[in-house]
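Protein chains in written order, with this note's numbering: chain Y, 1 to 86; chain L, 1 to 241.
These aren't lab readings, by the way, just hints derived from the structure by calculation. Ideal Cβ positions, reconstructed from N, Cα and C, are used throughout, including at glycine. Heads up, a few of these hints could be off.
[To be verified] Straight-line alpha carbon distances no greater than 16 Å define the calculated EDC-like cross-link-like pairs of lysine to aspartate or glutamate that follow:
#	chain 1	residue 1	chain 2	residue 2
1	Y	LYS19	Y	ASP56
2	L	LYS62	Y	ASP81
3	L	LYS39	Y	ASP56
4	L	LYS18	Y	GLU21
5	L	LYS19	Y	ASP17
6	Y	LYS24	L	GLU22
7	L	LYS38	Y	GLU13
8	Y	LYS51	L	ASP85
9	L	LYS30	Y	GLU7
10	Y	LYS16	L	ASP37
11	L	LYS38	Y	ASP56
12	L	LYS97	L	ASP140
[As the list claims (entries may be wrong)] Some residues of chain L that are not near chain Y, with every Cβ distance over 10 Å (derived):
#	residue
13	ASP126
14	GLU148
15	ARG155
16	LYS158
17	MET181
18	ASP227
[Claimed, not checked] Some chain Y residues flagged as far from chain L (calculated, every beta-carbon gap over 12 Å):
#	residue
19	SER29
20	ASP32
21	ARG33
22	THR38
23	ASN40
24	GLU42
25	PRO43
Below are the chains, spelled out letter by letter.
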Amino acid sequence: MDRTSLELISLKEAPKDFKLELLKALELSIDDRGLYVTKNGEPVKDPYIDKPVRFDNMAIFPGSTIVLDDNPLSIASYIEDHPEAS
Amino acid sequence: MASTAKGVTEGTLDWSAKKISELVKRFRDKEVAFIQDKKNIETVKQQRETEEYKLLLKYVGKERLLVLMGLALRSIEKNPDRVQDLRNKIHGKYGKKGVHVAELVQIGLVTELLTRLVKLFGAQVDIEKTLTSFLDQSEDLALFIKKEDSKRIDRISKLVMDRVDVNPVHMMILFGSGYAMDVVKAILKRIESDPREYLIQAQIEGLQLSAFVFAPELRERLSHWSDTLPKSKRETKRKRR
Numbered sequence: 001m002d003r004t005s006l007e008l009i010s011l012k013e014a015p016k017d018f019k020l021e022l023l024k025a026l027e028l029s030i031d032d033r034g035l036y037v038t039k040n041g042e043p044v045k046d047p048y049i050d051k052p053v054r055f056d057n058m059a060i061f062p063g064s065t066i067v068l069d070d071n072p073l074s075i076a077s078y079i080e081d082h083p084e085a086s
Numbered sequence: 001m002a003s004t005a006k007g008v009t010e011g012t013l014d015w016s017a018k019k020i021s022e023l024v025k026r027f028r029d030k031e032v033a034f035i036q037d038k039k040n041i042e043t044v045k046q047q048r049e050t051e052e053y054k055l056l057l058k059y060v061g062k063e064r065l066l067v068l069m070g071l072a073l074r075s076i077e078k079n080p081d082r083v084q085d086l087r088n089k090i091h092g093k094y095g096k097k098g099v100h101v102a103e104l105v106q107i108g109l110v111t112e113l114l115t116r117l118v119k120l121f122g123a124q125v126d127i128e129k130t131l132t133s134f135l136d137q138s139e140d141l142a143l144f145i146k147k148e149d150s151k152r153i154d155r156i157s158k159l160v161m162d163r164v165d166v167n168p169v170h171m172m173i174l175f176g177s178g179y180a181m182d183v184v185k186a187i188l189k190r191i192e193s194d195p196r197e198y199l200i201q202a203q204i205e206g207l208q209l210s211a212f213v214f215a216p217e218l219r220e221r222l223s224h225w226s227d228t229l230p231k232s233k234r235e236t237k238r239k240r241r
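Chain Y on its own, in the form it takes in the complex:
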């Protein structure tokens, strides 16, 4: 990854429909209750904290479409594992 090429797009102001369409385009979805991000019907777990990722707090990084909970620990762990993203 080019160190100057990654643009971070905040979804904070994005409408729910937009986020749902975005997830769909990335082959992801949400569960019946609308709480958690799913892939193939299964909740997606943040690999760094081993917890299901909430729809209203997701972070999605390129590569293998890595879905994280948007918190400092998971973000810092991701950067540790992907120094090219720092």
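On the provided structure of chain Y, position chain L as indicated by the hints.
Okay, now just chain L, sitting in the frame of chain Y:
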């Protein structure tokens, strides 16, 4: 991250459905990432760039993420909800000991120790060993007092004195902030009245009280609280000459 990236785009995007295909293409090309809120990534980015983190990074190995989280905790101290959420995440991944280490960084104690060790030791390996030793023992050496502990002054005072007597470094560190400062003071008062005459060094910074309790036997030998930590073999040899 954003320091070398193009930055965070927020609130200025066209959120129309037709934009999605373009964004997804850029995502597949590894040009963009999506985050809920910029504040967390900015917290991480800012702390990674601090001189304090860069200094600590030279001497901590596997604990570096906890060190970074300690600095992150400090930077979000004014937002109790964020602090609690991050503490929960740290606890979930690293347990109580991990929270302890992060909190020791948060309150500045690890940096204080490191600054001292850098002056004391020449070799990086000696500094690393002593710092690691402290972090490994932090659960036994440090006690974070809460305001709820006001009901357990006697019990905690006894616990502190017992640990000081038993642990190999003969020292305990107590911390309290806000309302808990008075609880720490009450505990120290109780320890002070013990006939063994424990040595106590306390310092107040803002709304935070840190107190070091030492075994009476160390009274004549201490110039700094870190003097009780085990020295590396190299340092011991140097002192024997």
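These are the hints, each one checked on the structure:
1. LYS19(Y) <-> ASP56(Y): 9 Å, holds
2. LYS62(L) <-> ASP81(Y): Satisfied, since the Cα-Cα distance of roughly 13 Å is no more than 16 Å.
3. LYS39(L) <-> ASP56(Y): 15 Å, holds
4. LYS18(L) <-> GLU21(Y): Distance of about 10 Å is within 16 Å: holds.
5. LYS19(L) <-> ASP17(Y): Answer holds: LYS19(L) to ASP17(Y) is near 13 Å, not above 16 Å.
6. LYS24(Y) <-> GLU22(L): Holds - the C-alpha atoms of GLU22(L) and LYS24(Y) are around 14 Å apart, at most 16 Å.
7. LYS38(L) <-> GLU13(Y): OK: LYS38(L) and GLU13(Y) at ~11 Å, within 16 Å.
8. LYS51(Y) <-> ASP85(L): 13 Å, holds
9. LYS30(L) <-> GLU7(Y): With a Cα-Cα distance of about 9 Å, the restraint between LYS30(L) and GLU7(Y) holds, given a limit of 16 Å.
10. LYS16(Y) <-> ASP37(L): At roughly 14 Å apart (the allowed maximum being 16 Å), ASP37(L) and LYS16(Y) satisfy the hint.
11. LYS38(L) <-> ASP56(Y): 14 Å, holds
12. LYS97(L) <-> ASP140(L): The hint holds at about 10 Å.
13. ASP126: Label holds. Min Cβ-Cβ 26 Å, cutoff 10 Å.
14. GLU148: Holds, because the least Cβ-Cβ distance between GLU148(L) and chain Y comes to about 26 Å, which exceeds 10 Å.
15. ARG155: Holds, because the least Cβ-Cβ distance between ARG155(L) and chain Y comes to about 33 Å, which exceeds 10 Å.
16. LYS158: For LYS158(L), whose nearest Cβ neighbour in chain Y is about 35 Å away, the distance exceeds 10 Å, so it holds.
17. MET181: Label holds. Min Cβ-Cβ 27 Å, cutoff 10 Å.
18. ASP227: 33 Å, holds
19. SER29: 15 Å, holds
20. ASP32: 21 Å, holds
21. ARG33: 18 Å, holds
22. THR38: 16 Å, holds
23. ASN40: At roughly 18 Å from the nearest Cβ of chain L, ASN40(Y) sits farther out than 12 Å, so the non-interface label holds.
24. GLU42: Correct as stated: the minimum Cβ-Cβ distance to chain L is 20 Å, above 12 Å.
25. PRO43: 16 Å, holds
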